[in-house]
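> What follows is each chain in one-letter form.
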Amino acid sequence: MANRGEIARRIMRACRRVGIASVAVYSEADAGAPHVTDADEAVAIGPAPARQSYLSIDAIIGAARRVGADAVHPGYGFLSENWRFAEACRDAGLTFVGPSPEAIRLMGDKIQARRLMASVGLPVLPGSDGPVGDVADAEREATAVGFPVLLKAAGGGGGIGMARVNAAGDLASAYATARRRAEAAFGDPALYVERYAEGARHVEVQILGDGRGTVLHLHERECSIQRRHQKLVEESPAPVLPSETKAALTRAAVAGARAIDYVNAGTMEFLVDSAGAFWFLEMNTRLQVEHPVTEEVTGLDLVVAQLRVAAGEPLPWRQDEIIQRGAAIEVRVYAEDPAKGFLPSPGTITTLVLPAGEGVRVECGVASGSAVSVHYDPLLMKVVTHGATRPEAIAKMEEALAACVVDGVKTTIPFLRRVMAHPDFRRGTVHTQMVEQGAFNA
Amino acid sequence: MPEDIKAHITGVVFQIVAHPGDPVQEGDPVIVLESMKMEIPVESPRSGRVQSIPVQEGQTVQEGEVVAVLE
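As they're listed, the protein sequences go chains E and F. Going by this note's numbering, the letters in the first sequence line up with residues 1 to 442, in that order. Going by this note's numbering, the letters in the second sequence line up with residues 1 to 71, in that order.
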């Protein structure tokens, strides 16, 4: 498992279910972390900074070789969407639990992905056809599509290096910042311009392909509650989404994945407006943080499915056998202070009480006494609830969050409780700008 | 009267924006910290001139630690 925290533990659980021994890797900062003590075996891979440990292809391939691993699961984040890593695994004779390096590379180039999906009939937002050369070029493109626009990194997604620009006067500074972030995150400063869809929802479709001609969708997830273009609350099914829109989205997602012969788990992300129009945003060629909501409503184990596909087995389901039962919600508990604009809150967890109960699932990467390091993503745990109806899932989430205690660091729990109580969230009428507009402020 | 600028969060010094001798305005970023994959600027509380930057890029600083001194 080329990862840490809750996702390493999640993968480990799936391995155990199918009788596969798991090997954790860990940096100096993570010695004794739950993902290390839980694993059948663990290998130290370097110092705390991720570049020297979890982002080091050599360190991870070396660890896999040392223990005689057959396969590598990349989780999400870190090297999961790095085609060079997938290729290095293949070259080392290791099975990469994910798509081919070619598919990762193709979808990782966000401009190429946009073009390709448009060529197979998926709607995309108006924007520059390629990277913009400089600020003046960006201004020409932005004026052509109309402000506000988004500056987006060509080299990678996940909201990194993305900046909203409201007017031409703001373009120069946003352009400089976005380029620097894109360069730091993806090693490629290239940016493109896309029209900003005001008041849109983020809806995505889970895909599974087996490389034997079967590409299935596992329905949609609604993920509009975001800060810094990153998700905080996700659910399935997407509330108040007309059935014809949903059908069109899943059709488009499968068509897009088929167009690149997609193998293993992936996610097609879309923006949907209030009139039901939608546009392809990007494809994530990996397991998604929010995959548990799909698992809860479909009853399928996505990580086990990933392992089976990686082992060369065909997917055992027909599309019409995959149905959504009830409603599931996931919230992300981050070590951040929502009262201070979601500022990071590293530290040591002094007390940890996890919620439990029927229909409550917790994916947690920390324990009481864990140090929450400045070097990694602030995700501490995900709380997932499943109910026969959406109101039931919300009620369970309210109870679960009230029972959850994390002392020693600030967390997003108070914010998440306000989301659950908010009338717009309860109605399901959410959009991607609500957090920044202060809809859930105390 | 020299004035200390302190880190408002724990993080790693990602970038030193202003150097000794540089004039800064209130609200200008003096250094940028990286913490939990986020870049967080530490801003100058007033206009003035930077006297010293007692930290280096790549160094971990604790919340409350002095990262810059204004003249």
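Since the hints were derived computationally from the structure, they do not count as laboratory data. Don't take every hint at face value.
[What the hints assert, rightly or not] Taking lysine to any residue pairs in the SDA-like style, the calculated list, with each CA pair at most 25 Å apart, reads:
no., chain 1, residue 1, chain 2, residue 2
1, E, 246, E, 269
2, F, 37, E, 66
3, F, 6, E, 349
4, F, 37, E, 180
5, E, 340, E, 164
6, F, 37, F, 3
7, E, 340, F, 16
Since the model is a prediction, treat every value here as computed from it, not as a measurement.
> Could you tell me which of the numbered hints above are not met by this structure, giving the numbers in increasing order?
2, 6
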